[in-house]
Each structure stands twice: as structure tokens, then as C-alpha cells.
Amino acid sequence: MGLQGGAWTFKAGSPSLEAVVDALRDRTALDLESEYDEDDDLICVEAPQVRTMLLHWERTEHRIAVCTPIPLHPYVWGHLDKAMVHLGGVFDTSDAVHSPPETLRPAFDRPWPDLTWRQRALLRRPLLKEIGPLRDRIVERIVERRGRR
Numbered sequence: 001m002g003l004q005g006g007a008w009t010f011k012a013g014s015p016s017l018e019a020v021v022d023a024l025r026d027r028t029a030l031d032l033e034s035e036y037d038e039d040d041d042l043i044c045v046e047a048p049q050v051r052t053m054l055l056h057w058e059r060t061e062h063r064i065a066v067c068t069p070i071p072l073h074p075y076v077w078g079h080l081d082k083a084m085v086h087l088g089g090v091f092d093t094s095d096a097v098h099s100p101p102e103t104l105r106p107a108f109d110r111p112w113p114d115l116t117w118r119q120r121a122l123l124r125r126p127l128l129k130e131i132g133p134l135r136d137r138i139v140e141r142i143v144e145r146r147g148r149r
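For the sequence shown, counting from 1, position 63 maps to 63 in the UniProt record's numbering; every step adds exactly one.
Hints are not guaranteed to be accurate.
Unchecked claim - No more than 20 Å apart at the CA atoms, straight line, and that leaves these computed lysine to aspartate or glutamate pairs for EDC-like:
{"id": "1", "residue 1": "K82", "residue 2": "E46"}
{"id": "2", "residue 1": "K82", "residue 2": "D92"}
{"id": "3", "residue 1": "K82", "residue 2": "D37"}
{"id": "4", "residue 1": "K82", "residue 2": "D22"}
{"id": "5", "residue 1": "K82", "residue 2": "E58"}
{"id": "6", "residue 1": "K82", "residue 2": "D31"}
{"id": "7", "residue 1": "K82", "residue 2": "E102"}
{"id": "8", "residue 1": "K82", "residue 2": "D26"}
{"id": "9", "residue 1": "K82", "residue 2": "D114"}
{"id": "10", "residue 1": "K11", "residue 2": "E61"}
{"id": "11", "residue 1": "K82", "residue 2": "D109"}
{"id": "12", "residue 1": "K11", "residue 2": "E58"}
{"id": "13", "residue 1": "K11", "residue 2": "D92"}
Claimed, not checked - Listed next, with one range per pair, are the computed distances between beta-carbon atoms:
{"id": "14", "residue 1": "K11", "residue 2": "D109", "range": "19 to 29 Å"}
{"id": "15", "residue 1": "P111", "residue 2": "E144", "range": "40 to 50 Å"}
{"id": "16", "residue 1": "L55", "residue 2": "V90", "range": "16 to 26 Å"}
Keep in mind the hints are simulated off the structure, nothing from the lab. C-beta: ideal position from N, C-alpha, C; glycine also.
Put together the whole structure using the sequences plus the hints.
Encoded structure:
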């Protein structure tokens, strides 16, 4: 399983990770389950309704970084960005590996219970968007092979 992630910087100092999780919970109304290590450091936040998790939380004085399994879940990632912005953060594009959040479509920019059952069902499925690059590469290889004949 691969990971992708991102980081947010905070001029006034980064909030506690619990505050970030609470802000994400307030935005989405998801049942977020936090896991801590033996030192009481946050290591994972699971969102069972959408079958995803946020891993490898790192907090410094002015920065919070987090990873998520591939494929990145746009609903959770988009709302995490909005929660971070609400807390004073700005997405950091200076990292070599980052996945900037995409703007949520208005229909999905609301709490989980307010989504229709169809929208919730769609968000529970593996995301076909991530299959696109693989599909494109397969098509390229087929065209290349046909050209050699």
C-alpha cells in the first residue's frame, strides 16, 4: 500500500492534533476514531464510514503533516484542508511529495449525514479517479505495440 500526504504551515503556531481532529469531525460529522501510541502521540485517525484513514501525524511548532493511503479520499482530504485553513493553516507546496487538496464540489461540501444515500454510497467505493493514469498508460502501451507490427 502506498502513501501520499501533505502538510500545512501555521504562522501563529500549529494547533494541537486533537483540535485538528475535532475541527474535521465538526466539518464532516464523521465518526472519527483516533489511535495513540504508548507515548500518547496521535498515530492514526480512522473514518469507518468512508473506509479511509489519516496516518503518520507529525506536528512541529508551525507545521502539521499527515499521510493517507492511496487512493487519497477527496471528501476527507478536502475537509481536512478546510479544517486546517479554519485553524489558520496554509497548505505547504514546498514538499517534494504532496497531494494538494482539490476544491470539493458543492454537493459534497457538507457534513456526512446531509449527503444523500447515493452520495454516501459513491464515497464508500474505491475511487476510479486514481485508475485514470493506469488506464492511460495501458492504452499507450497497446498503441505502441500495434505500431510495431
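Right, here's what the structure says about each hint:
For the proposed pair K82 and E46, the alpha carbon gap of about 18 Å is at most 20 Å, so the pair holds. Under the criterion of a C-alpha separation no larger than 20 Å, the hint pairing K82 with D92 is consistent with the structure, at around 14 Å. Of the pairs offered as hints, the one joining K82 and D37 is violated, with about 27 Å between alpha carbons and a cut-off of 20 Å exceeded. The straight-line distance between the Cα atoms of K82 and D22 is roughly 12 Å, inside the 20 Å bound, and the hint therefore holds.
Restraint check for K82 and E58: satisfied, since their Cα atoms lie roughly 18 Å apart, inside the 20 Å limit. Restraint check for K82 and D31: satisfied, since their Cα atoms lie roughly 18 Å apart, inside the 20 Å limit. Proximity of K82 to E102 is assessed by CA-CA distance (about 11 Å); at most 20 Å being required, the pair is judged to hold. Simply put, K82 and D26 have alpha-carbon atoms about 11 Å apart, close enough for the 20 Å limit, and the pair holds.
Pair hint K82 plus D114 holds up; C-alpha atoms about 17 Å apart against a cutoff of 20 Å. At most 20 Å may separate the alpha-carbon atoms for a hinted pair to count; K11 and E61 meet this at roughly 9 Å. Between K82 and D109, the direct Cα distance comes to roughly 10 Å. Compliance with the 20 Å bound is thereby established for this hinted pair. Between K11 and E58 the CA atoms are separated by roughly 17 Å; this keeps the pair inside 20 Å, and the hint holds.
The suggested pairing of K11 with D92 holds, with an alpha-carbon distance near 12 Å, which does not exceed 20 Å. Checking the proposed 19 to 29 Å range against K11 and D109 shows it holds: the Cβ atoms sit about 26 Å from each other. Here the CB-CB span from P111 to E144 is close to 47 Å, well matched to the stated 40 to 50 Å. Under the hint 16 to 26 Å, the C-beta atoms of L55 and V90, about 22 Å apart, fit the expected range.
Of the numbered hints stated above, the single one contradicted by the structure is hint 3.
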